[in-house]
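So you can see what is in the structure, the chains are spelled out below.
2 protein chains.
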Amino acid sequence: MKDRNISLAVIRRLPKYHRYLKELLDNDIKRISSKELSKIIGFTASQIRQDLNNFGGFGQQGYGYNVEDLYNEIGKILGLTRNYNTVIVGAGNLGQALANYSSFDRLGFNLKGMFDINPKIIGLTINDVKVIDMDSFETFVNDNNVEIVYICTNRDGAQDVADRIQKTNIKAIWNFAPIDLKVREDIIVENVHLIDNLLTLSYFLKE
Amino acid sequence: MKDRNISLAVIRRLPKYHRYLKELLDNDIKRISSKELSKIIGFTASQIRQDLNNFGGFGQQGYGYNVEDLYNEIGKILGLTRNYNTVIVGAGNLGQALANYSSFDRLGFNLKGMFDINPKIIGLTINDVKVIDMDSFETFVNDNNVEIVYICTNRDGAQDVADRIQKTNIKAIWNFAPIDLKVREDIIVENVHLIDNLLTLSYFLKE
Numbered sequence: 021m022k023d024r025n026i027s028l029a030v031i032r033r034l035p036k037y038h039r040y041l042k043e044l045l046d047n048d049i050k051r052i053s054s055k056e057l058s059k060i061i062g063f064t065a066s067q068i069r070q071d072l073n074n075f076g077g078f079g080q081q082g083y084g085y086n087v088e089d090l091y092n093e094i095g096k097i098l099g100l101t102r103n104y105n106t107v108i109v110g111a112g113n114l115g116q117a118l119a120n121y122s123s124f125d126r127l128g129f130n131l132k133g134m135f136d137i138n139p140k141i142i143g144l145t146i147n148d149v150k151v152i153d154m155d156s157f158e159t160f161v162n163d164n165n166v167e168i169v170y171i172c173t174n175r176d177g178a179q180d181v182a183d184r185i186q187k188t189n190i191k192a193i194w195n196f197a198p199i200d201l202k203v204r205e206d207i208i209v210e211n212v213h214l215i216d217n218l219l220t221l222s223y224f225l226k227e
Numbered sequence: 021m022k023d024r025n026i027s028l029a030v031i032r033r034l035p036k037y038h039r040y041l042k043e044l045l046d047n048d049i050k051r052i053s054s055k056e057l058s059k060i061i062g063f064t065a066s067q068i069r070q071d072l073n074n075f076g077g078f079g080q081q082g083y084g085y086n087v088e089d090l091y092n093e094i095g096k097i098l099g100l101t102r103n104y105n106t107v108i109v110g111a112g113n114l115g116q117a118l119a120n121y122s123s124f125d126r127l128g129f130n131l132k133g134m135f136d137i138n139p140k141i142i143g144l145t146i147n148d149v150k151v152i153d154m155d156s157f158e159t160f161v162n163d164n165n166v167e168i169v170y171i172c173t174n175r176d177g178a179q180d181v182a183d184r185i186q187k188t189n190i191k192a193i194w195n196f197a198p199i200d201l202k203v204r205e206d207i208i209v210e211n212v213h214l215i216d217n218l219l220t221l222s223y224f225l226k227e
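These protein sequence lines map, in sequence, to chains V and L.
For my numbering, add 20 to where a residue sits in the first sequence, where the first one is 1.
For my numbering, add 20 to where a residue sits in the second sequence, where the first one is 1.
Next comes chain V alone, as it looks inside the complex (with noise of 0.2 Å):
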């Protein structure tokens, strides 16, 4: 698959095809041409083609796209192919939103473990998966098979968990703690900075 080399932005609107080709097959819907695509998913025609074409292009002239062909491609570009072991560290109230969603278990993203220092917390069960004592979470993680964590701990404790995961295993982190964390290269993190998109709503606002 000649996926190397894809500017980030084409990245980025994968996961928006991969959620409207799902809501097609789940309406039955076996083909779609990159006009229809185009109307639902608010990207151009030609942007949508330009996109697909990166992957390959499974578009047929005149046919459309296969729906089912189309998602489970862009599932395996995505690396939904297999499952992914997770561990939320920080069991307050944004870590056990995460534990909830049900569709992240649904992609494959298993959550074995959820960590915190609280000792109110430790013990508790959120959606069959146990609050452990931070204290345990390398051995955790190691033993586990564990590849991503999500911090969702305030900003104070999360360059400490940080530093932790670079003495495991440990892949990638999905931060949601305001600050931009200091790790390894090979550690991959992907921010979800509230503030910032809080503020580029009220730039529109003010304008």
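What the hints contain is simulated information worked out from the structure, not anything from laboratory work.
Hints are not guaranteed to be accurate.
The list cannot tell twin chains apart, which means a pair is met if one copy fits it or any two copies do.
[Claimed, not checked] Subject to a maximum C-alpha distance of 30 Å in a straight line, what follows is the list of computed DSBU-like cross-link-like pairs (lysine-lysine):
hint	residue 1	residue 2
1	Lys202	Lys187
2	Lys140	Lys50
3	Lys226	Lys36
4	Lys36	Lys50
5	Lys226	Lys202
6	Lys36	Lys202
7	Lys36	Lys191
8	Lys132	Lys55
9	Lys140	Lys150
10	Lys226	Lys96
11	Lys226	Lys191
12	Lys55	Lys42
13	Lys50	Lys150
14	Lys50	Lys191
15	Lys191	Lys150
16	Lys187	Lys140
17	Lys59	Lys202
18	Lys226	Lys140
19	Lys42	Lys140
20	Lys59	Lys150
21	Lys50	Lys187
Here the structure of chain V is known, so what remains is to put chain L in place on it, guided by the hints.
Just chain L, lined up with the frame of chain V:
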């Protein structure tokens, strides 16, 4: 201020500048060159100069930027010179997590109420804010000059909330539900699509 026709990419970087400048201010740093700023923020020095030039340019050749002035100017551009009344719809874990973020309040986003349809949640008080029955939504938001709604419902409830929003004076939606809402063009929508974000992470993990 000549902040028209600025690319979305630049606008999306501004909150990050704002966040880092706040840190510098908190550490009592008064001046910073684009080169020094580059080291801590991760953008190149020339990118920084180019970004800030979009807004008239606040740097003085050889002297660097005045941190406080730059922080205030970017705050102005981001619409932070006044307060915004907000409400949360969906007072589950995610809604409660957002209600507990003190930074939103500090930046001028004042949470006036939370709404839910679940009788077990209605009447609760989260961080001094009452959870109200969704029945009173329209009256409440108009009476309290609410401008921004954070939608924290599940997928199925979100469009319904968006439809009701369009009958009020609300101007902006911060949407956390995994769906692209259909709303009038004059309503600003900023999405936090968690699954899209997670799938970007698995893409890189696969690579």
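Homo-oligomer pair classification [Lys50, Lys36; C-alpha up to 30 Å]: within (18 Å within a copy, 43 Å between copies)
At most 30 Å between alpha carbons: which applies to Lys132 and Lys55, within, between, both or neither? So Lys132 and Lys55 fail the 30 Å test inside a copy (42 Å) and across (43 Å) alike.
One pair to classify: Lys140 and Lys50, alpha carbons no more than 30 Å apart. Within, between, both, or neither? neither (51 Å within a copy, 42 Å between copies)
Between the shortest in-copy and the shortest cross-copy C-alpha distance, which are at most 30 Å for Lys202 and Lys187: within, between, both, or neither? For Lys202 and Lys187, the Cα distance is within 30 Å only inside one copy (14 Å; across copies 45 Å).
Identical-chain pair category, Lys191 with Lys150, by Cα at 30 Å: within (22 Å within a copy, 41 Å between copies)
First find the shortest C-alpha distance between Lys59 and Lys150 inside one copy, then the shortest across copies, and answer within, between, both or neither for a cut-off of 30 Å. neither (44 Å within a copy, 40 Å between copies)
One pair to classify: Lys42 and Lys140, alpha carbons no more than 30 Å apart. Within, between, both, or neither? For Lys42 and Lys140, the Cα distance exceeds 30 Å both inside one copy (40 Å) and across copies (33 Å).
When no copy is named, should Lys36 and Lys191 be tagged within, between, both, or neither for a Cα gap of at most 30 Å? both (24 Å within a copy, 25 Å between copies)
30 Å Cα cut-off: does Lys36 pair with Lys202 within a copy, between copies, both or neither? both (29 Å within a copy, 16 Å between copies)
Alpha-carbon proximity context of Lys187 and Lys140, limit 30 Å: within (27 Å within a copy, 43 Å between copies)
Pop the pair Lys226 and Lys36 into one bin, within, between, both or neither, using alpha-carbon distances up to 30 Å. Both. Shortest intra-copy (28 Å) and inter-copy (18 Å) distances satisfy the 30 Å Cα cut-off.
Reference check for the pair Lys55 and Lys42, CA-CA at most 30 Å: within, between, both, or neither? The answer is within: 18 Å in one copy meets 30 Å, while 46 Å across copies does not.
Checked against the numbered hints above, the structure violates hints 2, 8, 13, 14, 18, 19, 20 and 21; every other hint is satisfied.
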